[in-house]
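So the sequences go chain by chain: H and E.
Numbers 1 to 630, taken from the working numbering, label the letters of the first sequence in order.
Numbers 1 to 425, taken from the working numbering, label the letters of the second sequence in order.
Hints listed in this document are in silico derivations from the structure and should not be mistaken for laboratory results.
One thing to keep in mind: the hints can contain errors.
Unchecked claim - If you want a taste of the chain H side facing chain E, the calculated C-beta under 7 Å gives, among others:
(1) VAL25
(2) VAL34
(3) ARG35
(4) ASN47
(5) ASN584
Stated by the list, open to error - SDA-like cross-link-like pairs, simulated, lysine to any residue; straight-line CA separation at most 20 Å:
(6) LYS306(E) to ASP45(H)
(7) LYS441(H) to ASP424(H)
(8) LYS545(H) to GLN612(H)
(9) LYS358(E) to LYS511(H)
(10) LYS91(H) to ILE221(E)
(11) LYS17(H) to HIS34(E)
(12) LYS17(H) to THR63(E)
(13) LYS62(H) to PRO241(H)
(14) LYS358(E) to GLU13(H)
(15) LYS130(E) to LEU96(H)
(16) LYS17(H) to SER72(E)
(17) LYS130(E) to GLU13(H)
(18) LYS17(H) to ARG349(E)
(19) LYS62(H) to PHE189(H)
(20) LYS219(H) to ALA63(H)
(21) LYS17(H) to ARG360(E)
(22) LYS302(E) to LYS511(H)
(23) LYS510(H) to GLN612(H)
(24) LYS308(H) to SER293(H)
(25) LYS302(E) to THR129(E)
(26) LYS17(H) to LYS156(E)
(27) LYS17(H) to ILE348(E)
(28) LYS93(H) to HIS34(E)
(29) LYS511(H) to ARG486(H)
(30) LYS91(H) to ARG49(H)
(31) LYS17(H) to ILE181(E)
(32) LYS358(E) to LEU134(E)
(33) LYS136(E) to ILE181(E)
(34) LYS17(H) to ASN359(E)
(35) LYS17(H) to LYS358(E)
(36) LYS156(E) to ALA80(E)
(37) LYS510(H) to SER347(H)
(38) LYS17(H) to THR352(E)
Note that this is a predicted model, so its numbers are computed, not measured.
Glycine is no exception: its CB is placed at the ideal position from the N, C-alpha and C atoms.
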Amino acid sequence: MPRSSQFLDEQQERTTKSVRLCIVVAVLFSVLAVRLVYLQVIQADLNIRLSRENGMQQHVIKAPRGLIFDRNGQVLARNRPSYSICVLPYKIKKRLPIINNLLKIHDSRGKAVFDSLELIQGFQLANHRRFDPGRLKEDVSLEIVSIVEEHSMELPGIIVETESRREYTLGSKAFHVLGYMSEIPETQFDSLKNLGYHFGDVIGKAGIERQYEEILRGKDGQEFIEVNAYGKSLGPIANMPRNDPVPGGNMYLTIDYNIQKVTADSFPDTLKGAVVAIDPRDGAVLAMYSSPSVDPNIFSASAQLRSKNWGTIALDPALPLNNRTISGTYTPGSTFKLVSSAAGLLSGKLSQDSRMPTPCHGSYRLGGRVAHCWDPRGHGSLDLIGAVKQSCDVYFYQVGLRLGDDIINNAATMFGLGSPTGIDLPGEKSGWLSGEAEYNKKFAKRGWVWTRGLLMDMAIGQTQLVTPIQLASLIGGLGNGHEVFRPYLMKEVRSMDGMVIAQQSPTIFKKLSLDSSIIATLHKALYEVMTAGGTGGRANVPGVKVGGKTGSAETVRGDRTHALFMGCAPIDDPVIAVSAVLENAGHGGSVAAPVAGAVMRYFFANIPEGKQIVAAANPPKPDKNPKPNQ
Amino acid sequence: MSEIQKKSDFDVILVLLAITLWTIGVFLVFSATHIYDSGPLIHSTRNQIIWISLGAIVIMTITSIPTRFYYSFAYVFYGASLMLLLYGLFTGVISKGAERWVSIAGLRIQPSEFAKIGLLLALSRYFSTKTISLEKLSSFIIPGFLIMFPFGLIIKQPDLGTALILCLMSVPMLYWAGLSIVELFLLLSPGLSLALSAIPLILTFTFKTSSGIWEAIPWGIFFVILCAVLYLSRPRLPLLIGIVVINLFTAGITTFAWNGVLQDYQKKRILSFINPQMDPTGAGYQVIQSKVAIGSGAIMGKGYLKGTQTRLSFLPEQHTDFIFSVLGEQFGLFGCIAILILFLLLVIRGYTTTQYVKNRFTNLVIVGSVSLLAFHIFANASMTLGMMPVVGVPLPFLSYGGSFTITIAILLGFLLNARHSKQDF
């Protein structure tokens with residue numbers, strides 16, 4: 001081929017272009033070389049230090065969990081420091097000498113701290129996560145901690161981890177309100193990892209701790225720390241990314257520490273059931289107690305204690321973990337007669353003086369069915385007030401037949417029965433209202449069909465299901481007369497420096513369409529129950545007009561009835577409404593009323609607001625009882 | 001017959017370079033994985049040797065096939081690689097959060113690897129008979145589409161690193177195909193404008209403070225240079241106006257979109273897409289560990305198999321994407337520079353092959369292949385050195401991995417083939 005000029009040009013162009021490309025690549029590689037010199041020569045010392053075996057550790061800075069206070073700032077849940085002896089498996093070359101050294105540790109009473117089986121298991125378990133500290137003994141005393149730290153030379157790879165654990169000042173007395181903390185199970189860990197949880201973290205499992213987990217837990221921070229060959233921290237490394245932890249918010253509840261305590265104390269230990277006290281003016285829950293209860297502090301104890309206790313709790317047939325105040329559904333019994341009365345008054349089919357065609361002779365006959373009154377002696381002819389006061393079943397059988405299921409259910413719905421109140425706790429049940437459609441749906445499988453006779457049971461509250469919190473809202477609404485507030489527990493959240501960062505204001509759950517004459521009639525009926533001849537006398541409070549209603553709900557045939565009571569005081573303008581349910585305990589008047597009464601009596605005798613009301617209603621009468629001091 | 005053509009039938013130097021690098025690679029993979037006595041990594045070294053042996057067969061096959069074959073089937077390869085990408089999008093096995101793998105006949109392959117080869121051949125074929133110039137904007141239409149299809153599909157996986165490598169590879173090919181350096185600059189200017197105008201926004205968003213007008217300086221300098229280049233090169237008036245408008249537009253749209261349209265969480269998502277390192281617990285931790293490992297190698301390194309493996313075990317990808325940190329830790333600055341020199345020799349050897357080959361198609365294949373290797377090396381090394389976001393591109397010859405080893409073998413095959421059968425075409 002002749003060396004034409006065109007060939008030369010092309011050849012020349014290819015050379016120029018390929019040389020230029022080579023230069024570009026050479027320049028790029030030189031940049032890499034400069035960077036290498038920077039890292040490997042200029043920064044070499046720092047990097048060598050950091051790379052010495054495990055010189056650098058990523059360290060999670062746990063955010064302190066927010067505290068929980070009552071309405072007056074009294075602490076309900078706080079954090080305490082807890083020390084664990086841990087092993088860093090990747091540092092352990094030979095296990096045996098270290099196990100032997102650990103076995104030598106004795107506490108001041110001469111008792112060995114570890115046993116060999118436990119240690120071997122601990123080491124094996126820890127080996128699954130070689131770079132994370134594995135727990136050998138948790139929640140040890142400071143004394144043991146100092147022994148281990150003194151002997152860190154003989155115990156390479158053994159470290160002391162400090163963590164904070166939850167402590168509940170009221171223990172089992174406020175278990176269901178506050179809930180408890182528990183370690184995240186391995187099975188759930190994967191789904192929670194993305195939310196920033198670390199392995200071994202604890203999470204709120206029930207009650208407020210679970211409901212407001214997001215607010216209480218804060219946000220963990222992290223830093224890179226330099227550690228020496230024994231795993232001891234030498235402090236954070238400069239120039240490394242560090243995120244400061246954000247502490248959880250401190251939560252103030254509507255609960256009153258003292259009322260809560262009295263509520264729990266006044267509940268008979270051996271019985272199952274629930275008590276709720278709310279402020280009917282805004283729905284704030286003052287106290288809520290469910291029995292049987294559990295001490296939440298055991299969940300913060302060491303694993304051994306925890307698993308031992310967990311067994312008894314989980315297998316207890318009384319289901320102590322259930323919060324009966326919101327998830328226990330009970331037949332309302334005679335307490336429901338107030339709803340029937342309100343329904344009648346609202347519909348105009350009933351008035352204060354209404355008497356039923358058939359007076360009570362102890363039973364009532366409808367077709368072939370004979371329905372009995374609780375008092376076989378009979379009550380004779382009663383007006384509405386008297387029927388409520390004496391809780392006459394025969395009177396209300398006829399009310400039920402006169403009103404029909406729709407009218408009764410409308411009133412029940414108006415008071416918030418049959419649907420969850422929406423309280424800020426997990427696991428609330430809705431209860432159930434009877435009625436033709438609902439009944440046929442529910443019992444379709446069993447082939448039961450609604451009959452007119454069931455209207456009679458409906459009017460005396462023997463077919464429905466309500467929760468204690470609904471019952472408290474109901475009596476609160478009856479007392480208040482204008483609205484039922486949504487019960488709530490979280491009042492406000494404050495940051496560490498006291499700034500209010502979240503607040504919950506009262507919301508109306510149900511608006512009541514009762515005119516003042518109906519309210520007056522209902523108040524009169526509720527008040528009469530508490531007077532002589534009524535069933536609720538044992539819930540009376542000295543110096544205050546209480547309104548209430550008892551209930552004894554039939555349960556499974558043969559068992560004792562559930563005892564129910566709901567009451568509020570002062571009846572004209574109530575500041576406290578209490579419901580109490582005691583399972584299979586007998587009559588509401590004799591068993592439930594005293595429990596609710598104790599709570600209300602405490603409120604008016606010891607709480608400043610209650611004392612003021614008593615003082616205002618009973619001005620001192622100097623002429624009759626002159627006080628010697630004055 | 002010229003004498004140059006006669007003495008260069010088989011490129012021994014290139015083969016020797018490849019063998020050396022691959023051997024070093026096997027040793028590094030062993031060093032990175034030998035501490036595992038169980039688990040999925042136990043057979044890494046053996047597998048890598050198998051892959052390299054397969055690669056050798058691939059090289060021989062590719063070298064012995066006449067170049068005309070690649071020319072004729074270039075678009076078929078391209079089409080097939082697109083099909084593979086599409087197939088991957090629909091059935092992709094989730095691997096590390098990205099759908100980058102497809103399973104065909106029991107074989108797990110990365111379609112994006114073959115997309116590189118497909119695009120390389122397609123662009124070479126297209127430019128072998130066409131030239132490209134800013135003066136004739138229509139000359140950009142077909143190459144533009146050729147690049148955008150695989151680019152879009154790979155971005156969707158999402159694999160930003162590979163997608164960008166694909167674009168970068170095309171730039172030297174465009175240069176070879178006829179674009180002048182000035183034209184290349186003007187072509188890339190909207191992208192530069194976008195990136196530079198985003199700097200102050202990203203800084204402000206990340207650090208919550210603004211140092212004001214100073215952050216706009218990089219873009220200002222860029223714009224001045226752009227104007228100077230435009231003034232000196234004097235393109236046709238519509239083109240000139242078009243370029244200025246596009247540059248101002250991209251700078252403006254970033255600011256407008258960032259401040260006006262995007263929500264904070266969307267910004268965060270964009271940032272973590274560009275730079276996964278933002279999350280110090282995840283990819284950021286890898287980079288920190290990688291930098292410490294390389295830096296602690298200092299000048300002479302800690303010696304083979306003497307790296308602090310326990311800590312490096314935190315790096316799940318040390319035998320793939322982070323193999324360079326294993327090298328840096330154990331062989332120090334000397335080792336790294338030596339490897340870089342070997343790479344550079346390979347690149348130079350590759351690019352200069354064009355001097356012996358007259359055929360335009362073959363030359364474009366050479367330029368594309370070598371550029372692909374060079375950008376892979378640069379991107380991977382800067383990633384492990386903490387100079388670039390972690391985007392997950394492997395290091396040629398040294399990183400563990402089947403699909404990528406075969407890709408390298410194919411590229412080498414092209415280079416050897418170019419010399420071997422230069423008269424055939």
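message = For LYS17(H) and ASN359(E), compute the direct alpha-carbon distance and say whether it is at most 20 Å.
response = holds, 15 Å
query = Hint check: is the beta carbon of ARG35(H) less than 7 Å from a beta carbon of chain E?
reply = Holds: closest Cβ of chain E sits about 5 Å from ARG35(H), inside 7 Å.
ask   = Is LYS306(E) close enough to ASP45(H), meaning Cα to Cα at most 20 Å?
value = holds, 18 Å
task = Take the C-alpha atoms of LYS308(H) and SER293(H), compute the straight-line distance between them, and say whether it is at most 20 Å.
result = holds, 17 Å
task = Could you check if VAL34(H) really has its C-beta closer than 7 Å to a C-beta on chain E?
result = Violated - the Cβ of VAL34(H) stays beyond 7 Å from chain E, reaching only about 10 Å at its closest.
query = Is the Cα-Cα distance between LYS511(H) and ARG486(H) 20 Å or less?
reply = holds, 11 Å
task = Please work out if LYS17(H) and ARG360(E) have their alpha carbons no farther apart than 20 Å.
result = holds, 13 Å
20 Å limit on alpha-carbon distance, applied to hinted pair LYS91(H) and ILE221(E) = Violated: LYS91(H) and ILE221(E) sit about 54 Å apart, past 20 Å.
key: Hint consistency between LYS91(H) and ARG49(H) [alpha-carbon to alpha-carbon, up to 20 Å]   = holds, 18 Å
request  = Take the C-alpha atoms of LYS510(H) and SER347(H), compute the straight-line distance between them, and say whether it is at most 20 Å.
outcome  = This hinted pair holds, its Cα atoms lying about 18 Å apart.
query = Holds or violated: are the alpha carbons of LYS130(E) and LEU96(H) at most 20 Å from each other?
reply = Violated: LYS130(E) and LEU96(H) sit about 76 Å apart, past 20 Å.
ask   = Within 20 Å, alpha carbon to alpha carbon, are LYS93(H) and HIS34(E)?
value = holds, 18 Å
Checked against the numbered hints given earlier, the structure breaks hints 2, 5, 7, 9, 10, 11, 12, 15, 16, 22, 23, 25, 26, 32 and satisfies all the rest.
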